[in-house]
Each structure stands twice: as C-alpha cells, then as structure tokens.
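Chains as they are written, first to last, in our numbering: chain A, 1 to 314; chain B, 1 to 225; chain C, 1 to 676.
All clues given are correct.
Think about it this way: if two alpha-carbon atoms lie no more than 25 Å apart in a straight line, the pair counts; the simulated SDA-like pairs of lysine to any residue are:
#1 A/Lys-53 with A/Pro-38
#2 A/Lys-29 with A/Thr-191
#3 C/Lys-192 with C/Leu-67
#4 A/Lys-284 with A/Leu-203
#5 A/Lys-289 with B/Leu-34
#6 A/Lys-289 with B/Thr-31
#7 A/Lys-289 with B/Thr-150
#8 A/Lys-289 with C/Asp-602
#9 A/Lys-284 with B/Glu-96
#10 A/Lys-26 with A/Leu-40
#11 A/Lys-267 with A/Leu-257
#12 A/Lys-284 with B/Asn-35
#13 A/Lys-284 with C/Ser-586
#14 A/Lys-53 with C/Gly-572
FYI, nobody ran anything at the bench for these hints, they're computed from the structure.
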Amino acid sequence: MIAWLLALLQTLLFIAAAPLLSGWLKVAKCRLQNRSAPSLLQPYRDLAKLFGKTLVLAEQASWLFRATPYIVFGATALAAAVIPLVAVRLPTAAIADVIVLVGFFALARFFLALAAMDIGTAFGGMGASREMTVSSLAEPALLMAVFTLAMTASSTNLSTAMQYTLDSGLVLRPSFLFATLGLMMVAVAETGRVPIDNPTTHLELTMLHEAMILEYSGRHLALIEWAGQLKLMIYAVLIANIFLPWGIATTFSPDALLIGVLAITLKLLVLIMVLVLVETLLAKMRLFKVPEYLHLAFLLCLLGMLSHVILEAG
Amino acid sequence: MMLENLSLYEQAILLLAAMVLFTSFALLAQTRILNLIRVFAWQGTLLAVTTGMVAVVSGQHHLYISALLTFALKALLIPWMLHRLVLRLDIQRDVESVVQPAVVLLGGAALVVFCYWVALPIVHLSALITRNTIAVSMAVVLLGMLMIITRRKAVSQVVGFMSMENGLFFAAMVSTYGMPMAVELGVAFDVLVAAILFGVFFFQIRASIDSLDTDRLNRLHEVEE
Amino acid sequence: MSLAFAYSAVLAALASGIVALGADLRPAFLKVGSFALLGVSGVTAVIGGATSLLTGSVYTAQLPLGLPWLQWHLRLDPLSGFFMIIIGLVVSAIAMYGPGYVREYQHGKQPLAVLGLFTGIFIAGMLLVLIADDAFAFMVAWELMSVSSYVLVAYQHQHAANRRAAFLYLLMAQVGALAILLGFGVLAGAGKAGDFSFDALRHAQLSLSWGSVAFGLALFGFGMKAGLVPAHAWLPEAHPVAPSHISALMSGVMLKVAVYGFIRFSFDLIGNVHWAWGVVTLLIGSASALLGILYALMQNNLKRLLAYSSIENLGIIFMGLGLAMIFIGSGHPALGVLALIAALYHALNHAMFKSLLFLGAGAVISRSHEGDLEQMGGLIRRMPQTTVLFLIGCISISALPPFNGFASEWLTFQAALQAPMLSSGVLRSVIPVTAAVLALTAALSAACFVKVFGVAFLGRARSRHVRHAREVDFGMRAGQALLAVLCVLLGILPTWVVSALDAIPQLLLGSGLPNAAAHGWLWLTPISREMASYSAPLVVLGVGFAWAIGWVLMHRQRSREQLRRGYPWDCGFGALNARMQYTSTSFSMPIRRIFAPVWRVDEQIDEVADKVQPLRVASIRYQLQIGDHSWSVLYEPLARAVLRAARLIGRIQTGSIRTYLGYSFFTLILLLWLIT
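Bound-form chain A, shown alone (with noise of 0.2 Å):
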C-alpha cells in the first residue's frame, strides 16, 4: 500500500517538477549565451496565465481536435507513472515495459497530428507530416538502444533493469556508450530541441511541432505544453537513470529517498547543461538533413547492440 501511495506521490513529483525543468533549462541557455534570465519559475506562470484565458476554438474544431489535449496529457503522464525517478521497485514500474513507453509516446503524437490535420489549414498538415515522418525514423533508433539494455539486463522493465545496473556495480560497456549517444540524439529529435526543430521559432515553413500546434488555445494549449515539458523530463530521466542510475532508492526509507530525490536533480542539472550547450553550439538543420542526423543515430545504437554481442556477451 505504501509502494502504490510512493508511486502516486512520485508521478505527481514528475509532473510538477517538468516546468522546473524547462524552466532551468531557459535559464541555463539564457546565461550561457549572455542574456538576462528569466525566473525559474516563468514556466508555471505561463501554464497558470494559460489555463486562466478563454478558449478560442478554429471554426472548423470537431470533438477530436478538443478530446487530443486530454488524450496528449493523459498518456504522457501514464509514461511519467511508469519510470523510476527517486525509486526503483515501485508497483507503477510494472504496468508497462519500455516498449509500452514508446508506445505512450506514439499514441500522444498519433492524436496530436491528426488534430494538427483537423482544421484543414496548410500548416497543421505540414506539421502532421513533418512529425510522422522525423518519429519514424527516430522510433527503430529509440527502441535499438532500449534493446541494447534489455538484452543487458535481460529485461525490459525499466524497474528491474536499472537494478541489474546498480548490483553489477562501475562496469565499463562499450554498448552502454554507444547506446547513451544514441539515446540522447534520439532524445534531440523527438523532444523536438535544436538542431531537429526549434521550440522558440515562430517563422511558419521551420517550424515541426509548433506547426501542429499552431491552433491551440488558452487550457488546450497549457495541457500540450505541459505534456512538452513532461516529455522532455521523461526523456532527462530515461537517459540519467538507466546509464547511470547511482543514487536512486532501492528501499523506501526516508532518507533512501532524500539521497534519491538529489542524484536525480543533479544528475538532471549536469544533463540540462549538455542540452544547452548543444543548442548553443548547433544551428538549426534543414528538414532533409534530419534523417542522416536519425541515421546516426539508429548507427550509433546498432553498434551499441552489435558491441554488447561481440564484446561483452561474445
């Protein structure tokens, strides 16, 4: 019963902490690129001034367009429910392996692109299109190096798999490494960070996912945003925790979570900071640039599951 009320406690951690995130990483990205900063607490004022304002709706808006930010919000927060942030065996972690993850993840996009095609405007088919396409080719890159860890850990519990990590102790894997990179190129494309997309650009012909979006108002738009920001969490987590999950509770005592709820802040911190000096660093690329950009990546990946074979399994 207490496993069950820590796993509900740990979702809610995970969907409020998201905008805090985002929010660290405006900071961070102002900072290092010599502008002032806003708040660290800017995002949750925008979620609140959202939620606040009415709803204006496209004339052309069927139900579909208006059930999609529930469906983007609830299936996105089922994802958060599912990975270990603070603790590892929690009953949450069950429900769903990895691949039902990805499978949240598809179903949020699946909906998003067809309300993005819902009100027969140009862009939101762009978009649609744009989307579809750049997560197709990211999801066998996705699923690649997830498998690289599950043939590791002979799981695809992401529960039992970080365990497997934690009791193995400091074992240097090759697979990991390539595995990791893959991971978080993957992580750029579908978070949709420069140099895939740009989340800020308002220029219409560059823009991915802002262009399925494009519509959404007032408490719609704050659910979509916010699902955005739990996304890119989701994925910040994935990647620190599976890697390297030092830290993290594998018992449920109190101070077990205090040191929990720290690795990951700080592992979260060290990883916004890479994020940031890559967007800094890299231009936005053009569309058809991208799927070399996911070819790496799905390389990357295959290596990782190709070394694990020959090198550590052989």
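Assemble the complex: chain A is given as a structure, and chains B and C must be docked to it using the hints.
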C-alpha cells in the same frame, strides 16, 4: 565470458576497441576532407591509448614504446602531413558525395556481423581476454576497404588505406599482444614512407588528369566503347 | 459435437449462396435470407471453433465424399478452431453489414445472384480448408476458395482494370496452389504410399533436404497467397476491386487461411522444423512488413492502401512464425511458443482491424462514391459514427496502446528480445535488427494511418459528393461496431487471449506458455514477471484516471465560460479553402524523398512561364506516378519468358492434320516402348 568478471583495465580495452570501430564508421560517413583527417587522427590516438592499456595489462614494456610511436606517427605526423597536403592541393573545401550513405553504413554494420561470424573459430583458440576484439579489428580492416571502394577522391582512399593498416596493427596487438619490436618499427616506417609517396602521387595524378577524382582514371580502360 | 457446428457453418454458408440465387427476382432474398444465413454460419463457426480451442480437444470424422478409395477426412482441432473463430467473427460482422451495403449494387449492371452465390461458396470453401484433414480435401477446398473469390474480384468486370486484376489473381492463386500440391506430394512420397491423409503425412520420415524442399514449396505457395514480398504485386490489384465486404473477407480472413495453411504444413505436417527455415521466413517477413507499409504510404486510393497494409501485417505475422521456427529449431521450445502465440494473436487482430477498416472504407465509398483520398475530407462531420469506428481501426492497426495491434506487436518484440538465449552469435545480432525493422514498420504505419484518417475524415471536404455524404444505416454501423468492440476488448484483455491460445502450442509443440497469466488477469508476463510485464487494463484505468482529474479540474472553469470560435490562422491572406489543405500526396512527400529508391518514382513538373513577365510562373503541371519495383524486376521478365516459351512451343502447331496425327502416333509408340 562475463564482462563483470574482467578487471577495469580489460573492460577499458574492450571499450576502446568499440570506439575504434566507431571511428571507422565515422570515417565511412564523413564527407568533408579535413574532418576525415581529424577522425583519422582520433583513430590513431585511440589506437595508441589501447596499446598503452594492453601494455599495462600484459606488462610487456616494449608495448609502451610502440604506443608512443603509434601516437607520434598515426595521431600526429601522418594526419599533419595529409592536412598540409590538402591545403597545398587546395581541396580542403571539397565535399564528397557518398551514394546512399545509409545503405553504406548498414552494409558496414553487416560487415561487422560477418567478421564476428568469421572470427568465431579463431576466437575459440585464443585464451586472451582481448580475443573478442579480433572480430572488431577485422571489421576495421574491411571497413577501410569498403571506404576505398565507396569513395572517389584519392585523398579519402588513402585515408581508407591507412585505416586498414590501423586495423591490422590493432589485430596484431589484441590477438598476440603485439608483434616483435623490429616488425613493428618496420611497418611503422613503411606506412610513413607510403604516406610520403602518396603525397607525391597526388601531385602526379593531378598534373596528368587534372583532378583527384579517381573515377577519371576510367578513361584509361582498354576497350573503347 | 463440435464438428456438427462446423458442418452447419459450411452448410449455412452454402445455403446462403443458394438462397441468393433468387436475388434478381426479389432483392430481399439476398438482403434478408442470404445474409441471415451467413450470420448463422458465422455464429456457428465461432461456437464450433471456440469449443475446440477452449477445451483443447480434437474431433475427427470421415465423410463418404471424394474419390472412392479416399474418403474425406475432416478434423477440428484447436488450430483450425482458432482460425474458424476468425472467419466466424468477420462473417458475422459482414452479415450485419451486407444488407445495407448491397443496396448500392441493386441497380447495377451485374446480377446480385452472382455476388450472393459466390460469397456463400467462398466462405464455405474457407471453412472447409480449415477442417480438411487430408491433402485431397484440402486442395479441393482451397480451389473452391480461390476460384469463387476470383469471380468476386471480377464481379465489376465492366472495367478492364478489374478484369486484368482478376486474371492476375487467378494466375497467382493457381501457381501458388501448384506449389502447395507439390509440397503435399513431397510429403506423401516419403510417407505410406497412396495415403494422403494428414495423419499419414505427419508420420512421414523426411530427410533434411527433402524437408527443406517441402518447406520451400509451402513457403512459396502459402506465401504467394498471403501476399509476401516479392510475390505480392497481385494483392493490391485484386483485393480493392471487389465489393468492400468481400475485400474485408479477402484481406481480413482469406490471408489468414494462407497463414493457417503455412502453420499446418510446417509446424504440424513437417514437424521438426529447422532453424534455417525460420531465418528465411523471418527475413521474408521483415521485408514484407517494411516494403508493404512503405508502398501503402504512397497510395492515394483508400482500398489499395489498405490492401498494401495487409502485406505489412502478414509480414509481421510471418516474422513471428519465423522467430518461432528459429527458437524451436535451436532447442528453445518455450520461446518458440511465445513467438507462435504472438503471430497467432496478430493474425486474429489483423483480421479484426483490417476487416473493420475495409468495411469503413466501403461505408465511405458507398456514400461518397469516391475512393480517392485526394477527393475526401471532413467526413467526421458528415458520418460521425463511422468516423469513430474507423478511428478505432486506425489506432489498432498503428499498434498504439492499449488497443489490440499493440498487444500482439509487443509480444513479437518480447519474442525477438529473447535472442540472447540463442547460441549462434549471428542470429543474436540479426534478430534485434529485424526487431528494429518491426519498430520502423510500426512507426511508419502510424504515419500511414494518420494520413488516411487525417486526409479522409478531418479537415474540409475536397469534393461535392463528399461534402454531401450521409451516415450509413444501422446495420452497416452495427457490423463495424462489432469488430471495433472486439478490437478494444482484444487489446485490453491480452491475458485472456493468450491463455485461450495456449491450446494451439500444446497441440503442435506439446508445451504452452505457463507464466503468461501467472500473475492474474491484470498482468501479462510472457516469460516471467522480472523480464517484462504489461497491464493493459491498468493502462486504460490510468488514462481514464488522468482524464477524470483533468475533467474535474477543468469543470469549474468550463461552466463559467462560453466557447469562442474563430477563424484559423491564414497568414493574413483571407479565407482558407479546401484546396489549401495538405493532401495525401504532400503528406507522404518527406517519406517518399527519404526512402526514394524503394519505389519507381516518376515525377514531372512542367512550369509555364507568364507571357508578359517571363520570371513569373503562370501555371504548374505536376505529375507523379509511383510504381512497384516487383513489376519491372519480377513479373514482367517472367511474363516475357513465359510468352517466349509459349511462342517456341507454338511452333509445333503447324495447322496440318497429318502432323498432328504424327504427334499422336509417336506418343503412342513412345508410351508402348516405356511400358514394356
């Protein structure tokens, strides 16, 4: 073999082997000539580090010298010579187009699996911990060859050739803990001489066919169509 | 007892065909009598199949039909029972759907009697294939199925394209049947002489090389019928041109009969499978899955697209079967069971959602008279209920949780991830790559069905007919609703399905999947709880929970405000119209560019410059034709070779009667010489 049972040094050797393999793929995918040379230099550096690691694990002192030599030659001298050559030939901005890069890379991955399959019987003979890297070094050799086949520009082909040599060196080191010092020195200077000769050849080729595109040599075929 | 249900299903299907003969006098014969009998056939088939599958029992019988020395052996076991359930469910849905749908053909040029008669024979043929227990009965039923479906494909024969598709279909079906017949021949040659019952074939002692020959023939024959790459080109020609409920039967059910035949032949009759056969099957399956969905993405005709996507799904099923063979052949029967169950589960799921999608496509086409996606749009407002049902089909086929397509693909992934158990390192590294291909396929199919649903049902109507489409009648919606409900249930309760399927591997391999439902019906744990677990009911609950919280939180705010409607963003250029939307072609353009070598793309852009200002483009003509490589690489050279051979053989036809008599004379001499 369980990875967990190996010492950290041995694990590091495996990790470095995987990274050498990755640089081979990077060479295969890289289309800009200066970047190509840079990746090649990295491959040399990794090779030198691996040699140093093997020296630590096996306790054979001549390997330290060989590591230093590798670093000096393959990470510094040859890349520097190639770099200078590219600048003097004024081709540093050339971008080579690889036909179907994704297919070439997947073909490379298939080559790795093939090498693994071929190397299996050899692996069973060796008792060294690094035996599994034989497949990797073989893959590095074949990937270098694949690079020579898929490229047109003479400079990239030379880099491919050099990386083949890297693969051979790597194979010798990981499967038998290095060759006798005399052989190693000989090979190292052979490569150096080859690099210098290639430099001369580049100018010759360009002087005679006005390009470093080796496809132009097709004109020399016997039968007129 | 169970066989009695199977008999009555066959007889009811035949009776429905006979009743339909009166349809041209009075359409009620077809609409009421014939479809009611089909309903009876469907329900009895489900009952018969379920009794065998759930109890795991085998029923056999012999009927005094067929050749004098070879009675028809019939047998209903869990494997055939399972496929009989698939047929029964889809036939039941069609029985509800049909009466409303055939109204469209009532005033057409073709006689309704033909449609009804051959539908009945077609279904009876498929049922007979399942219960046949000797090679002779099997081939008779197989031909009954093939030929009657040929007539249905050629039903609207006033279009030359349909006649050509039907001819191609018949040709391919016959070539495939020939290979199957030869396969039976190889088995029979090794067994007891003159005994063609499956029992005798099962006990035949085959050497590995003869086993491989038999397997190769079976893979060719059944694979051709199942539309596997590279022999797939007939399928997207033939399936779409039949009336939609027949397309649903062909794509949803008949392809499954081919899968049944393949399983029966290789797992049951040949018996000890070799792992290398599994590798071949796995590779062909992966190629079919990937190429099938890539071809589907490029289609603009709704039914053609669905047909191509059938190739993809059959590819996934054969991937599962290939994995099963690899695991069984290398001594891991428990893992083989997992892969086999994944394949069977996907077969069931594909039957449900593909039939649903074909029925939905039929509903749309019958109301809008438009099969081209480029002309559709905005149907969500005109046909709201069909839209919801079609959406369920789209989500299921895109393998999204918690719907059924996901459950079976998840099991396939789990099977593939057991590759580290194998001793061969090459297999260990190849199988995960095929799993990545499966992931790519699933992602592309999501893109494909976003395109289908987004272009056809969302946005604005692109043509007049579509703008005035009306919702279909109750029966047609009920038929689709039955399948949609099954899609949802099969997705939410995978543990039940997997435990129900357990009888089939018990029969074929002697072991089941003991751990799959060991932790209660909530948790699906194919190998063990530590390895992987998935709880679809809790996923549904979780989404519902998140939704409920959101709804409660939003409710206060919602009651205060009223909704504002505005114009969508048009860049300030004024009103948007339907022609400004993204079309089906433009949606798939990025993918066309990335995977360009997969298709034979012929793209032409002609720009006409303005006369006064030469830099301004006055008009643009854009032509795009996307072809299938298999035509130019496989079919056309083959057709040319056949023609050339025919011309050579044609030389013996001189026209002189004496020459012909000479042929007979020499044949006679030769025969006499041979027998002495």
